Each structure stands twice: as structure tokens, then as C-alpha cells.
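Just so you know, the protein sequences line up as chains A and B, in that order. Using my numbering, the first residue of the first sequence is number 1, and each one after it goes up by one. Using my numbering, the first residue of the second sequence is number 1, and each one after it goes up by one.
Don't read these hints as lab results, they were simulated from the structure. Remember, it's a predicted structure, so these values are computed and weren't measured experimentally. In this text, a Cβ means the ideal position worked out from N, Cα and C, and glycines have one as well. Hints may contain errors.
Unchecked claim - Distance ranges between label pairs, derived from CB positions:
(1) THR279(B) with PHE32(A): 37 to 45 Å
(2) GLN20(B) with VAL111(A): 56 to 64 Å
(3) ARG191(A) with LEU155(B): 21 to 29 Å
(4) GLU63(B) with VAL111(A): 42 to 50 Å
(5) ILE194(A) with ALA182(B): 40 to 48 Å
Stated by the list, open to error - List of simulated lysine to aspartate or glutamate pairs, DMTMM-like, C-alpha gap at most 25 Å:
(6) LYS9(A) with ASP36(A)
(7) LYS189(B) with GLU110(B)
(8) LYS142(B) with GLU267(A)
(9) LYS142(B) with GLU67(B)
(10) LYS263(A) with GLU245(B)
(11) LYS9(A) with ASP262(A)
(12) LYS147(B) with ASP262(A)
(13) LYS70(B) with ASP50(B)
(14) LYS96(B) with GLU63(B)
(15) LYS96(B) with GLU80(B)
(16) LYS248(B) with ASP268(B)
(17) LYS96(B) with GLU67(B)
(18) LYS142(B) with GLU245(B)
(19) LYS266(A) with GLU245(B)
(20) LYS6(A) with GLU52(A)
(21) LYS9(A) with GLU267(A)
(22) LYS248(B) with GLU267(A)
(23) LYS142(B) with ASP262(A)
(24) LYS147(B) with GLU52(A)
(25) LYS142(B) with GLU110(B)
(26) LYS248(B) with GLU110(B)
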Amino acid sequence: MITRVKIRKLVQFWPLFALGLIALIVLLPGVFTTKDPYSLDVINRLQPPSWEHFFGTDEGGRDIFSRVVYGSRITIGSAVLIVSISATAGILLGAIAGWFGGRIDGFLMRVLDVFLAFPYLVLAMALAASIGRNMGSAILALTLVWWPSYARMVRGQVLSIKNELHVKVSKTFVTSARQMLLWHIIPHTRRTIIARVTLDIGYVIIAITGLSFLGLGAQNPSPEWGLLIANARPYVLVGWWYSVFPGLVLVLIVSLIVAVGDKLSKETSW
Amino acid sequence: MSSILKRAPAAFSILKKKFQPFVSSLLWMLVVVWTAVTLTFIMSRLIPADPARLAAGLQAGQEQVEEVRKQLGLDRPLLEQYANYLSGILRFDLGKSIQTRQPVIDDIREYLPATLELVFAAFFTITFLGILLGVLWARFPKSILSKSLSVFTVLGVALPVFWIGLILQVIFAANLKLFPLAGNLPYSKYQVESITGMGTIDSILSGNIPAFKTAIFALVLPVTALVISQIAISIRLTRSSMASELQKPYINAARARGVSEWRITVFDALRNALNPVITMLGLQFGWLLGGTILVEVVFSWPGLGLYAFNAFRTFDYNPILAITLVITIVFVVVNQLVSMLYPVLDPRIKK
Numbered sequence: 001m002i003t004r005v006k007i008r009k010l011v012q013f014w015p016l017f018a019l020g021l022i023a024l025i026v027l028l029p030g031v032f033t034t035k036d037p038y039s040l041d042v043i044n045r046l047q048p049p050s051w052e053h054f055f056g057t058d059e060g061g062r063d064i065f066s067r068v069v070y071g072s073r074i075t076i077g078s079a080v081l082i083v084s085i086s087a088t089a090g091i092l093l094g095a096i097a098g099w100f101g102g103r104i105d106g107f108l109m110r111v112l113d114v115f116l117a118f119p120y121l122v123l124a125m126a127l128a129a130s131i132g133r134n135m136g137s138a139i140l141a142l143t144l145v146w147w148p149s150y151a152r153m154v155r156g157q158v159l160s161i162k163n164e165l166h167v168k169v170s171k172t173f174v175t176s177a178r179q180m181l182l183w184h185i186i187p188h189t190r191r192t193i194i195a196r197v198t199l200d201i202g203y204v205i206i207a208i209t210g211l212s213f214l215g216l217g218a219q220n221p222s223p224e225w226g227l228l229i230a231n232a233r234p235y236v237l238v239g240w241w242y243s244v245f246p247g248l249v250l251v252l253i254v255s256l257i258v259a260v261g262d263k264l265s266k267e268t269s270w
Numbered sequence: 001m002s003s004i005l006k007r008a009p010a011a012f013s014i015l016k017k018k019f020q021p022f023v024s025s026l027l028w029m030l031v032v033v034w035t036a037v038t039l040t041f042i043m044s045r046l047i048p049a050d051p052a053r054l055a056a057g058l059q060a061g062q063e064q065v066e067e068v069r070k071q072l073g074l075d076r077p078l079l080e081q082y083a084n085y086l087s088g089i090l091r092f093d094l095g096k097s098i099q100t101r102q103p104v105i106d107d108i109r110e111y112l113p114a115t116l117e118l119v120f121a122a123f124f125t126i127t128f129l130g131i132l133l134g135v136l137w138a139r140f141p142k143s144i145l146s147k148s149l150s151v152f153t154v155l156g157v158a159l160p161v162f163w164i165g166l167i168l169q170v171i172f173a174a175n176l177k178l179f180p181l182a183g184n185l186p187y188s189k190y191q192v193e194s195i196t197g198m199g200t201i202d203s204i205l206s207g208n209i210p211a212f213k214t215a216i217f218a219l220v221l222p223v224t225a226l227v228i229s230q231i232a233i234s235i236r237l238t239r240s241s242m243a244s245e246l247q248k249p250y251i252n253a254a255r256a257r258g259v260s261e262w263r264i265t266v267f268d269a270l271r272n273a274l275n276p277v278i279t280m281l282g283l284q285f286g287w288l289l290g291g292t293i294l295v296e297v298v299f300s301w302p303g304l305g306l307y308a309f310n311a312f313r314t315f316d317y318n319p320i321l322a323i324t325l326v327i328t329i330v331f332v333v334v335n336q337l338v339s340m341l342y343p344v345l346d347p348r349i350k351k
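Just chain B, with the same shape it has in the complex:
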């Protein structure tokens, strides 16, 4: 018994060491999310329109507006309103949408999965293709592929995602009729049960192959638009990181030992070259979240972006603020997960 007690402090310090990065990153996420909450609160007070009048409706008389103001607590001092706003968010109460007449949180639950499906599909394509093409470019700098990539990566950063979406629609949907012009998997037509809200996953879960095919086809064009507009940066970064890695002495040493070129590229150079790329990919996730709003509008994809767009048009402020909050939280969490990946990929960082 006493020996355990004696060892306790040591065990505690080991625990502390193990969990300290975790706790500090958790605290950091909390700070960012709190800032986002405060910012959206400030924004909601910056709005030129009177929120009470918006909530009461345009036909409401002055008395009704005052009534609504009292109900919403908008007649209270600002600090109290802020406290109410905070406690509302802790209870997942984000107000009501004027447009859908539903609590915003329910709308978000409905629309978020479709957006995540789009973003994750684009994200994984960018990760895979970006790294692959970057490695090929660094490995075979004189090939035709590399030359066309060097042109594409300059053009690629200049391509606005909404315009690519339109062009893809003109070519592949309107003229070649290969893919649907717009929209997601029609659930009722295929009698697929909505479990996750993501068309591809739901159709697999219900074992409906034609529905799965439709869902994949609906994904192709919007995901392509997102990938084309974002992939250039990760290709360039992988290439430059790989190129500098391939010049280092340990590569020569591996060659001298007779390790195959393929093994050197993938297991030695790529592993060491990946760190800056991973950081960039985390940031790109945020750009994808911004870009997806534009893509969803072009392709009428029933996700958060389209919901936000309709909120922009109808001056529906509660959804706008809630979406900002949700997207920020998703972004911060993904970036923290990415930064937790570093030590796994690169043991040098552990120290």
C-alpha cells in the first residue's frame, strides 16, 4: 500500500505529461469557440435591422413588436443579453429561423450531414490526389505530367470555385449529360431511409445499389469543382517539400544500401516531407467549408451552404450566426485533430 502511495506522484506526473497537450489543446479550442460566440453576438447587434421587428414579422404593429422584444429579452441590458445568449448556446438553443419557422438547431441537424459529405469527399480526394501528384512531380520533374502540372497549379489558384461549377454544369451535365445538373440523392424516390443524412452512406446502409450509384453521380460534379479550385496548393507544397527531402544525404545513403527507388520515395522521403503538407491540409479544410457554400449554391446541394444562402437573401440572421458558429467549431476541431497527427507521423516532434 505504502509503495503505491510513494509511486503515486511519479504516476501522476507521467499522466500529466501524457495529457497536458490534450488539455491545452482543449482549452485552446474553448477559447476560439468562445471568441466565435462573442463575435456572432456582436454581429447580431451590428445588424442594421431591428431583430424584434424581424421576428415579429413585417405586418406586426408597434405593440406586437414590443411584446416580441420582451419575449426575446431584447429589452434587457446588453450584458444580460450576452449571458442569455451564452446560456442559450450551451443548451443548443440558437433561436428560430424566420424562413423555415423551425429552431435553427433542427435545421442545422438536417443540413449539416450533406455539407460534411461534400467537404469530406473533396478533402480526401485533395489529400490523396494532391500528395500523389506532388510526389510524381518531384520524382519525375521532366515528364509531361510535371510540365502540365506546373501550368495547372498557377491557373488552379486563380479558378473561382463557383465559376468552375458553372462550367462543369455546362459541359458535363447540360451537353454530355453524364451527371445530374444539380441536387442530391432523392431519398423518397429510392425509398432510402435517412440515417446519417449523407446520401452515399445511407444508400449503402440500406443496401440499395441503384441509389448508391445515383448518390455517387450527384457528388461527382460538386466535389470536382471543390477539388479543382483547392488542389493546386497541396500539389505545389508536396512537390517542394518532397524535392528538398529527396536532396538530403539520407536518400543517397539509402540508395547506396540498395533500397529500391520506390521504397525510398514512399517510405523515406514522403514520410519526412509530409509535415508541412498536413498543416496545409488542415487549413484547406477551412477553405473547403467556405467554398462549399458557393458550390452548394451552384449545384443546389441541400446543405448548410444553401441554407446559409437562403438566409442571406431573406435577412434571416439567426441561421447566419449559427452557421458561422458551427463551421468555426468544425474547423477548429479538425485543425486540432490534424495537429495531434504530427507526433504520430513524425516522431522527432515528440521531444
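So that you can see chain A by itself, here it is in the shape it has in the complex:
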């Protein structure tokens, strides 16, 4: 009888399991595959999926499954990096604008409005192309276009928290604005921010694979997912597995992350 209740309780935590599994793949790719994602084996090029190669092999005879597994580190890792930098910058600036109000707020919001009026993906592409075509510049470009939305969101949150009772109370004993923001304001925005960060990691994965697909991000022989799919393009008619499997894994992981983010933003009990 214990099992049914316990299982139901466990099922409620599925987002945690899902994210945990993804984190495990990113951190310990060696556990999931024994093959080297870089070693060439030209004799076995473009082999269809088999027990030896779950996802088949690519034009250099490399095992696509292990390339996808190792690529997760680059793709998901850089998405996490982009979102965490832009969230940090956005939270700080948004909180400062919302808390102090007045001229700082007015100025910052005007700047944000201009930034948010740009088609951000196009801007990121142009930036990445100008700075240099590598993963670093793709990450920098996406961070530059991503942080304004966080600042806007956190500012709105701060404005609504500002007048709550606990803030008024803490005003009586907190002296510095820094302490106020870091200990009494920002922590109260965590729920919205965590949900938003989760969702955004999914969206940034899509964006960064797009940049890599255009050759503006990762460069060969990196197993980055967007680049994998770009490499698969010439073989789309002779080796369907080459483009299908990396894409399927990408879709699966991103939809999982987005579903978790959706759940987090609807849930209020944590």
C-alpha cells in the first residue's frame, strides 16, 4: 500500500528527475557512451543505425550517438551560461531601476524599450558575424540581446513588491540599499525568475543551434547540435538518420525543459 502513495508523490517531482537526467548527460557524457565523438573511421562512413551505432555514423564514420551526447555539453552548457549571465545582469539592473525609480528608472527603461524593439535573433546573428565566427562570440551576442527582457520583468516585480508590508517593515532596520535589494527584494522575485530561466534555457538552445547552423557559432569538428544538423544537410537524401536523430534529441530535451518551465510558472506552492 505504501507504493501507490509514494509513486504518486514521486511522480509530482518529475520535473526534477527530468532536469537531473539532462544535467547528468551534460556533466558525465562518458557514462552514456563509450565511443569517442571525434575519432574518424572512414570505412564505416554513413552507416545506418545499428546496435553498434544507435544513431548511425556520419560522413567521417564518427558515431552520431556519442557526438550528440558530447554535444549536449556544448549546446546546453552554453545556453545555461547565456541565461545565467543575462539573468544576473537583468535582475540587478531591473531591481535597481524598480527600487530607486525616478530618473535612473526612466533612463534605463527607455534604453530597454529601444533594445526590445529590435528583432533580437537578427541582431544576434549580425553581432556574432561581426565579432567573429566562434562559440564565444555567439554566446556574447545572445547574452547582449537577451538580458533586457529580464530587466523589464524584474523591474515589474520589484514595483509590485515595493509596497508590501514586509518591505515596509524591513525599511525600518535596513540601512543600505544594497542590503535591501539583495536580502529583502530580489529573493521575493525568485519564483518568477526560476520559471523564466528554465523556459529561457529551452529557447536559447533553439537560438544558439540556429546560429551554429548558419556557421556563426561552433566550428568543426565540434559536436554542437546545430552544427551537427548543418553538417547533415548535404546527406539528407542518402542518410536520413544523420539529420533526424540529433534533431529529435534536441526537440525532446527542449520540450522537456519548456514543459518543466511551464509547470514551474503555473505552480505556486513552492
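Let chain A serve as the given structure and place chain B on it in line with the hints.
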């Protein structure tokens, strides 16, 4: 005469009231466009390569490079260069493309229509289908359609447009051979005169039915890829907005008066639920402009995106900056037009 003069201030204030939103949105567009111009200028100075050397060609000697530098005004102080850049843009001078050896503005004139054709076709499909499916979902939440939509809308945001494009090519072009694998309407083959640069419209204008059919078939797969990757958000938003609207008392009141369900859904609830959807659609236009670059690469669609892609590959910076500028302007203008739609759709906003 004097009465007219007396009335003049009142008339003026009415005029001012009418045109103030227009003027302020025009000013706002100018600010955004100016920022875009400045940003592209900054980007052009961030470029790791020497623009003079790029323009002179790889084989050019040091003296020739210096010559080109002088010609392009790159030896001047930065502020003067910026002023030159601004005045160049006002004269529609965006520099030359290294790759096509043409002024960039001519290239853009050539490639923009094909991109707009793609984007507008996708945009109208998303608007129509997104709102329709969202309304159906809100209206019949227990139907099979709604259940499959709830799955699709989660998957839909996770589908990268370039991958969908590849899959569509594999299924519908390579295996089923229903649609062409890539490319636009071949103008010379059908002897269609290029008037607007958009295949579908040109073939209609010249009354060429087979060409029109080819043009439509060429559009189907790229537009489908764009629609699949973007429609989920507008379906979800329409649904949630409609669902909350359908719960409001005025719907019950309309029901009590015996208004038909169909009329209630379309004329009462939908009209009020549309505002957030319209805002989202305006933003989606920008995502489509970004997505179209990827789609054009996959489908070799001869538009701005493919042109940009080739510029990325060959380090051809003038086109990259010009495309950023053009796309930003299109995006800002469309969003302003969308925001002008609000008062038309929702009279409450006028106050």
C-alpha cells in the same frame, strides 16, 4: 473671417489630439532606427578584419590598401566617419558588396521581395490558423483536436525551424515528391516578367496560371516550416485569452438574450480576446524575420536570408550591416502599424 480665427485654436487642438499619437510613434520609430544605424556603425568598427583591406582585395599591396582607405574615408577621425555613414544611409548608400560587386542597396532591392513574400505568407497563415485553432481549443476543450493541440503546443516551441525544414524536405520533396526540394519560381523558364519580385504576385499579374501554380508549390514547404515553428505561441495565447473571456458575465448575459453560441464566440468573446494576441503577432513578425534566414538557407530561397548567409560565409560586412538595418526598420514599422490597430479593434483603448 473673425469667427474662423476664433475657432482656429480649437480646431488646432483637435488636430493635435488626432495626430499626436501618430507623431509620437513616428518619433519613436526614428529613435529605434537611429539606434540601429549607430549599432551597425559600432559593429562595423568591432569587426576584427581591416575593412580597407577587405575592400581592396587579398592580393592588394600595402599602398593600394592605403589608397582604398583614403577613398572610403577610413583614415578620418571616428566622429567624421560616423557622420559620413549617417549621410550615406540618408542617400541610400550602404556601401558595396564584395561578393556581388554591386551596391548593397541594389542587392537588397533584388532580394527583399522574395523574403517578404515568404514572411507575409507565413504571417497570415499563423494569424489565421493560430486564432482559429486557439478559438476552437477554448470553445471545445474536451475534443480530440484540443488534446492534440495541447501536446503540439509544447512540442511546437521546441521545434527548431531549420530542422523542420530538413525533415519536410526529406518527407515531402525527396520521398513523396509532392513539392520542389528548394528554390523559388524560375522566372526565365516561365517567361514571367519580374514586377514586384514576388513569384506568386508576378505570375498573377502576367496571367500565367502554370507559373502561379509553380510559385505556390515552391512556397508551401518553407512557409510550412516557418508556421510550424512559430504557431504554437499564438494558439496558446488565443486559447488562454479566449478561455478567460468566455467566463465573463457578459457572455452569460448574451446567452440569456438568446444570442447564438457562434455569434457569441466570434463577435463578442473573440473581439475582446484579440488584443494580447495582436501584440504577440507583431512580435512574432520579428521572429519570422529571424527564422526566415534559416529557412531560406535550408530551401535555397533567393531572399535576404540567403544573401545574408553568403555574406556571413565570405566576411562580406556591408551586406550584413545593411540587412540588419533593413530588417530592423521593417520590424519596427510593422510593430507600430500593429499598435495603431488596437484602438480600431478595441474602442476602450481610445480613452
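Need the list of violated hint numbers for this structure, in ascending order.
2, 6, 9, 20, 24, 25 and 26
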